[in-house]
Amino acid sequence: MRKKTLKNGLKMLALSVFTGVSVLASPSLAADSIKVAVVSFLTGPAAGPFGVPGRNGAELVIDAINEGAMPAPYGSAGFGGLKLEAIFADESGGNAKQVAEYRNLVEKQGVDAVLGYISSGSCLSIAPVAEELKTLTVMSVCGTPRLFEDSDWKYTFRTQAHAVGDSVAAALYIRDQLDDVKSYNGINQNYAWGQDSWKFFDIAMQKLIPGTTASDNPQFPQIFSGQYGTEISTLLLEDSDLIHSSFWDGDIEAFVLQASVRGFFQKKRFISVAGASAVDNLGKRFPEGTVIGTRGEFGILVRDREGELNEWFINAYRERYGVYPLESSYQYAQSVLALKAAMDKASADNGAAPDTDQIISAMTGLDFTSLAGDVSFALGKGHQAIHAVGYGITAWDDEKDKPTVTNVKIYPAHCILPPAGQLSEDWLAAGMPGSDC
Amino acid sequence: MQTTFTILLDGLSYASYLFIVSVGLTIIFGVMKILNVAHGGFYAWGAYSAAYAIGLAADLGFPDWFGFVLIGLSSMGVGLVLGLLIERLILRRLYDHEEVIIILATFGLFLVLEDLILLVFGVNPYFAYQPMVFLGSVELGGILRDVYSLTLLGLAALVAFACWYALDRTKWGKILTTVIYDREISLAIGINVNAVFVWTFVAGATLGALGGAYISPTLSVAPGIGIDIIVLSFAVVVIGGMGSIPGALIGALMVGILRAVAVHKFPEFELFVIFVVMAAVLMVRPEGLFAPVKARRI
Numbered sequence: 008m009r010k011k012t013l014k015n016g017l018k019m020l021a022l023s024v025f026t027g028v029s030v031l032a033s034p035s036l037a038a039d040s041i042k043v044a045v046v047s048f049l050t051g052p053a054a055g056p057f058g059v060p061g062r063n064g065a066e067l068v069i070d071a072i073n074e075g076a077m078p079a080p081y082g083s084a085g086f087g088g089l090k091l092e093a094i095f096a097d098e099s100g101g102n103a104k105q106v107a108e109y110r111n112l113v114e115k116q117g118v119d120a121v122l123g124y125i126s127s128g129s130c131l132s133i134a135p136v137a138e139e140l141k142t143l144t145v146m147s148v149c150g151t152p153r154l155f156e157d158s159d160w161k162y163t164f165r166t167q168a169h170a171v172g173d174s175v176a177a178a179l180y181i182r183d184q185l186d187d188v189k190s191y192n193g194i195n196q197n198y199a200w201g202q203d204s205w206k207f208f209d210i211a212m213q214k215l216i217p218g219t220t221a222s223d224n225p226q227f228p229q230i231f232s233g234q235y236g237t238e239i240s241t242l243l244l245e246d247s248d249l250i251h252s253s254f255w256d257g258d259i260e261a262f263v264l265q266a267s268v269r270g271f272f273q274k275k276r277f278i279s280v281a282g283a284s285a286v287d288n289l290g291k292r293f294p295e296g297t298v299i300g301t302r303g304e305f306g307i308l309v310r311d312r313e314g315e316l317n318e319w320f321i322n323a324y325r326e327r328y329g330v331y332p333l334e335s336s337y338q339y340a341q342s343v344l345a346l347k348a349a350m351d352k353a354s355a356d357n358g359a360a361p362d363t364d365q366i367i368s369a370m371t372g373l374d375f376t377s378l379a380g381d382v383s384f385a386l387g388k389g390h391q392a393i394h395a396v397g398y399g400i401t402a403w404d405d406e407k408d409k410p411t412v413t414n415v416k417i418y419p420a421h422c423i424l425p426p427a428g429q430l431s432e433d434w435l436a437a438g439m440p441g442s443d444c
Numbered sequence: 587m588q589t590t591f592t593i594l595l596d597g598l599s600y601a602s603y604l605f606i607v608s609v610g611l612t613i614i615f616g617v618m619k620i621l622n623v624a625h626g627g628f629y630a631w632g633a634y635s636a637a638y639a640i641g642l643a644a645d646l647g648f649p650d651w652f653g654f655v656l657i658g659l660s661s662m663g664v665g666l667v668l669g670l671l672i673e674r675l676i677l678r679r680l681y682d683h684e685e686v687i688i689i690l691a692t693f694g695l696f697l698v699l700e701d702l703i704l705l706v707f708g709v710n711p712y713f714a715y716q717p718m719v720f721l722g723s724v725e726l727g728g729i730l731r732d733v734y735s736l737t738l739l740g741l742a743a744l745v746a747f748a749c750w751y752a753l754d755r756t757k758w759g760k761i762l763t764t765v766i767y768d769r770e771i772s773l774a775i776g777i778n779v780n781a782v783f784v785w786t787f788v789a790g791a792t793l794g795a796l797g798g799a800y801i802s803p804t805l806s807v808a809p810g811i812g813i814d815i816i817v818l819s820f821a822v823v824v825i826g827g828m829g830s831i832p833g834a835l836i837g838a839l840m841v842g843i844l845r846a847v848a849v850h851k852f853p854e855f856e857l858f859v860i861f862v863v864m865a866a867v868l869m870v871r872p873e874g875l876f877a878p879v880k881a882r883r884i
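Heads up: the protein sequence lines correspond to chains P and A, in order. The working numbering numbers the first residue of the first sequence as 8 and each following residue consecutively. The working numbering numbers the first residue of the second sequence as 587 and each following residue consecutively.
Bound-form chain P, shown alone (with noise of 0.2 angstroms):
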């Protein structure tokens, strides 16, 4: 029996090797529920300002969506009527491990969706393994636009809009609110984020402040290193006014405690792209006056404002977990909205639970409505979403004895991203044609 059971296993491998089709990948889901894998860094650097929060973001919202429990429009108890159970694997240890964890997720765990993803190397490498599958991948987090610049994908979306954004709000924001920057420099974390976050924040900060000076000498230190005294002796020595940054994880922890002892922040202007974690973690050790981004409408940024969703979600999250939720819980939970939205539209539309391909086919293009802003999947053909990105200014509340942010602003997306169908480069190349703010 057990033979016969492996020669017949075999055949089945042996004709998906020759088909290209996994034995145990489905496009179809089952029928009362669906199994979804939520990844995010459960250990490592990045597991407490990231990793973490993201995963209690998207726990807190699929447990009450299952409920029923989420104020409108998400009201409806499941996903197109089925439960989510959710597994959360962790994303550290490199690409090449995280390919062979995704296949594990699917092929052995039998997943129908994964959702997640924090790093864009993540990202990158996971793409083409999901179309592979053919599983459904809503990424989270990650910024890098080669995603769907470089390529297209029918499996793969993403519901956090791409670092151009953040970097041509940030070049918006100084020029709205710092009238005092000349030149700038930027340490950048030396992977495909942060080279390509310095990159976008030099063009954008070329075409909206003319004659402001850039750096010939920006910083790009290894991921995760965690020293970065030759790093801030260096910015020190230079002239520049204002230093970018697209530092997160505990890299903008170590780097903002090493830098205030020597009289950083009271130097220059910083300009925190991804860095509100570290608002939170650090307390009063976070120097007042940074300008702070959330890559969009999360965290911090929002803390304070009023909306039943937004409201409901901090409320919950701290009763929950006991601490405010930050940037990457919003950022997972935007993923869990997403793909709740996409299967009520599919399940509406056909009547009855949907398949992986309906749920595509309902994704595709999709407007939702965020827990703080509205989100629209509107480039990568359908499957890359744009939203507004925010900044402010840090500053510490006496009062309710908790850090807080001055001077929001907030860019509606259709100012800091292209539009359909032109690439990043070329379009910021351009003048961001289009862009009205």
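Each computed BS3-like pair below joins lysine-lysine, with the alpha-carbon atoms no more than 27 angstroms apart:
no., chain 1, residue 1, chain 2, residue 2
1, P, K291, P, K416
2, A, K619, A, K757
3, P, K416, P, K274
4, P, K206, A, K851
5, P, K416, P, K189
6, P, K214, P, K274
7, P, K275, A, K851
8, P, K141, P, K90
9, P, K274, A, K851
10, P, K388, P, K352
11, P, K141, P, K388
12, P, K189, A, K851
Just some of the chain A residues that point at chain P, by a computed CB distance under 10 angstroms:
no., residue
13, L704
14, Y715
15, S723
16, G810
17, A848
18, V849
19, F852
Derived from the structure by calculation, the hints contain no laboratory data. Ideal placement from N, C-alpha and C gives every residue a C-beta, glycine not left out.
With chain P fixed as given, assemble chain A onto it according to the hints.
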């Protein structure tokens, strides 16, 4: 001139940090012939223990300078407990096995130590900036420098001197040198080689933990903190010669200074420059700069 001075200071500071961490690795290899991958675990446990203790002390109202005492105590505690446990319970059973088996065992131990950190301390970062803030900053070469990083130079010098003194000026050092040159002869003349191994391993573990503990005030102490440092430590030790303390010093200086030059002048080559130096040294002298071709010496 200002830039050159700053590069030199940055390089020396980073080299000091690398030397403190890698000297424990090279001591263990020199005496015990063990390439101890678990060294990154000692570093991480040192960092976590110190960060936790300093944070707790701050909450309890202890003065900021007390953090230095806690750094020392944490390093010794981690080195003693983990060093003794690992050597007595695991490594002593493997000495007669091939080196590759021992490397795999220490790699496994490294993973276990990393997971234990997750179990004990969780995933959220720890901060222990009080000692760094306590020492403040000083203007050197036209820019402010944190005094805490400058004290790394003194600590590295102290560690180097202590190693030299212990090996060249004490009876213990002579015993150690004998074991390094020939384990069988040492046994034959009545040296307790097992005891030498235990205390060498504890000393190496303590130095690894000291590296993590001393650097913790400048970091966000988070899971995975010991991974990158073990790679850099191996580079330093390989450049200088496995098992050679002067080699670790020179290797750390080369890596530190060249990295500082790269960051100031060619920042995108920061990591590349470290490993290109290692590759170049290995091409010319595969045993490293200071290790003798046959007999090993520390």
